[in-house]
Amino acid sequence: MRANPNRASIFGIFQSDRGMPLPKRVFSNIRMNESKISGFLLPHNVGAERLVSLLGGEVRCQIGEAADFSLKFFDSFDWRLHAAGLRLLQMRSPQGAVLRLKPPDAGEPLDAIAFDPEPHWPADLPEGLLRTEIARRLDMRAVLPLATVTGKATGLAVLNEDSKTVVWLQLLNMRCVAEGVEEPRVLWPRVRVLPVKGYQSDFDRVSDFMASEMEWPKAPECLFDEVMAAVGREPGDYSSKMSVSLSPEMTAIDAMRRVLRDLLDTLERNIPGTREDLDSEFLHDLRVATRRTRSALSQVKQVLPETVVEDFKQRFAWLGQVTGPVRDLDVFLLELPRYRASLPASMAGDLDALEEHLRVAHAKEQAILKGELESERMARLLEDWHAVLDAETVPGKPAMFADLPIEQVASKRIWRMYKKVLKAGRTIDVDGPAEDMHELRKDCKKLRYLIEFFQGIYPKRELKELVKALKVLLDNLGEFQDLEVQADKLRSFARDFDPQDPHSMPTVMAIGALVADLLRHQQAAHARFTDCFDAFDSVENRARYTHLFKTVDEAQA
Amino acid sequence: MKIIGVYNIKGGVGKTATAVNVAHLAAKSGLRTLIWDLDPQAAATFYLRVKPKVKRSQKLMRGKSSEIDDVLKGSDFRNLDLLPADFSYRNMDLLLGENKKPTVRLLKLLRPLSREYDLVVLDCPPSISLVSENIFRAADALLLPTIPTTLSLRTMQQLLDFMEGHKLMTPVYAFYSMVDRRKRLHQEVIASPGDPRCSVLQTVIPYATEVERMGVERRPVTDYAPRSPAGQAYEALWAEARSRVGGLKPVMDPNFLF
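Residue numbers (the numbering used here), protein chains in the order written: chain A, 1 to 557; chain B, 1001 to 1258.
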């Protein structure tokens, strides 16, 4: 059969004339022409010629053009799109790049747009369904590449007795790579069968032939699962929530090491993203892991050797300190849209200078933070901490409670902290010094961390209710404090602008309006405190704490 | 969706060749293109290797217009589909002008396709009748292949008179077809100022055996001989027609991969 190189390729994704601008939104108001496509997995090393000979006389086909393409999957670091049942991928061919958002098992995307740069922030995408859907899932997180598939698509035309094309075939040979995967992983080759309008029976015949005669397994609609498995990723393999599996009989020292090891893992996984400032959540999660580590060291007393506790408490305090300034600025930058919205429309623009100020400060602090994270001090901290947690036995003099069952130690600590919170909350003078409220918040946080560390040894259902009430109280106290801190910081920012300068005046005034608004909200949070605390101090909630954490010892005491 | 009618009162002027080659180039540029073979001779259907199923037309004639999707045929080219001649027989009233409102009927038949295609090319039957009038009304533009002879020019005048008489405002783009540069008459006609009522495109399609070979190849010239003078001429004609008609933007093929 005569080869026909000019026959229209079937990979004309968008065979546009050169220079002809592609439409921004591809699918708006477009119904797909073909909905039914079938695909089959082929034995390894099947190329176009081999495929033609495998199909033999039953399916006469002619090899057409081939085109290279690539396919990149994206999600946030903590798999928010995956959790929402969505897949984001960018497909690139010589004709251009398309970004598609689709449900896991469907051939048809929710939306697709022509988009060439690698996506990072939803805000950089053109307005439309795709952007809206992604943005509302991601919140402050950015999308990052998960894995890249590169491949060659070869078109084949199945011909009838008039040498008329009645079915299109597309042979895909692919391999995939991901960060940290050295050798590209070869995927199973596959053939896709695409119908030609008006030749449905031929499509059915070819599909049946492949399924029944050749016994080729059906290819999954989406490559996602296959690619993730090939590069060794498990969707959902990171979450900022703690979940350490513990059993009540475990010794306290083993349990603590497991908890701290889990926190170290979270901390380490967030370092690269923090260093590169991929999004603000990396630093946030890193800081939470640091705080939890410090809390675990200081709150669970007499389990780890005293020398270890003292040493690492200080060293993690340092990490908390050096990561503080960037986080503070992150908070302001994240809050900025809300700040603007809280001002009258005519004043919203007056915050531009503040934003600029924040960004400059952020860039400066980020550079310092990057230096600290890459420092010898940091490397040693991680190394030494690994040495403690990964060793057969913890170095240093064993502590008093190290070999007690964890349930006993945990319950005792939680119960004590609970009593402390209860006492402080009941006696606090609501209109007294703000410091007291802040102290209460710190204790509440410690209580929450303790419960989170050891959640694995308590019944889930009861714990859930209890954590809910604690969270409401914590949110209230947090709001009260954060708004005050923000108002204070904003005041100090205002001092950085020259009040004599007529250009700075509107900014200073806008900040003033903002501070007033924040303090009003803080007052409102303050007013809600009593209700929040009463809910925490309810009869049912008290019963839950007693039931879960009050030990025989305590009862006797 | 844009509709371009390829038309001439006279037959044998390269009308079907124009329709098929232009539609092929449009599809190649990424436009989802439908060519509708309205000519009872079914030449476009033949060129695209589709078997005319005249036998079934009796049964089909009882069908409804909503079944238009069932009779569409994919061609050998991505983005190019055909509405074969037998569909046109089925809607014989359309060809014969028996329907009370043929324009409405024509557009109504096309309406379900408006989201699937960017361009419809009508290969019109040669004649001037109620049918042609309605094709003129439905189309966004008419392409008028014209052999540069006195007789051909007369039929062009007839068409323009007809359109004027019926107050039809559809833009008409004439171009010279089957041109033999060696003939003095051809040269003279091309050089002469045309009728002010229609635009004459720059492109001239030469008389060429490559075009005649379409019947043997059963493919567009622009596919089997894209670099030939005729192939190049159709390329230029499409570029010119496309910019005149406007609003023809390619759309990505959503089914490429995954």
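Read the hints as simulated data drawn from the structure, not as lab findings. Incorrect hints may appear among the rest.
What the hints assert, rightly or not - Taking lysine to aspartate or glutamate and the EDC-like style, the derived pairs with C-alpha atoms no more than 20 Å apart in a straight line are:
# : chain 1 : residue 1 : chain 2 : residue 2
1 : A       : Lys36     : B       : Asp1195
2 : A       : Lys197    : B       : Glu1116
3 : A       : Lys197    : B       : Asp1070
4 : A       : Lys36     : B       : Asp1070
5 : B       : Lys1249   : A       : Asp496
6 : A       : Lys36     : A       : Glu221
Here's how the hints hold up against the structure:
1. Distance hint between Lys36 (chain A) and Asp1195 (chain B) is unfulfilled; the C-alpha atoms sit about 51 Å from each other, more than 20 Å.
2. Distance check on the hinted pair: Lys197 (chain A) and Glu1116 (chain B) sit about 12 Å apart at the alpha-carbon level, within 20 Å; holds.
3. Among the hinted pairs, Lys197 (chain A) with Asp1070 (chain B) is consistent with the structure: their alpha-carbon atoms are about 8 Å apart, no more than 20 Å.
4. Taking the CA atoms of Lys36 (chain A) and Asp1070 (chain B), the gap is about 15 Å. The hint holds against a cut of 20 Å.
5. For the suggested pair Lys1249 (chain B) and Asp496 (chain A), the alpha carbons sit about 53 Å apart, so the restraint of at most 20 Å is broken.
6. Note on Lys36 (chain A) and Glu221 (chain A): the hinted pairing holds, with a Cα-Cα distance of about 11 Å set against a maximum of 20 Å.
Comparing the model with each numbered hint stated earlier shows that hints 1, 5 do not hold.
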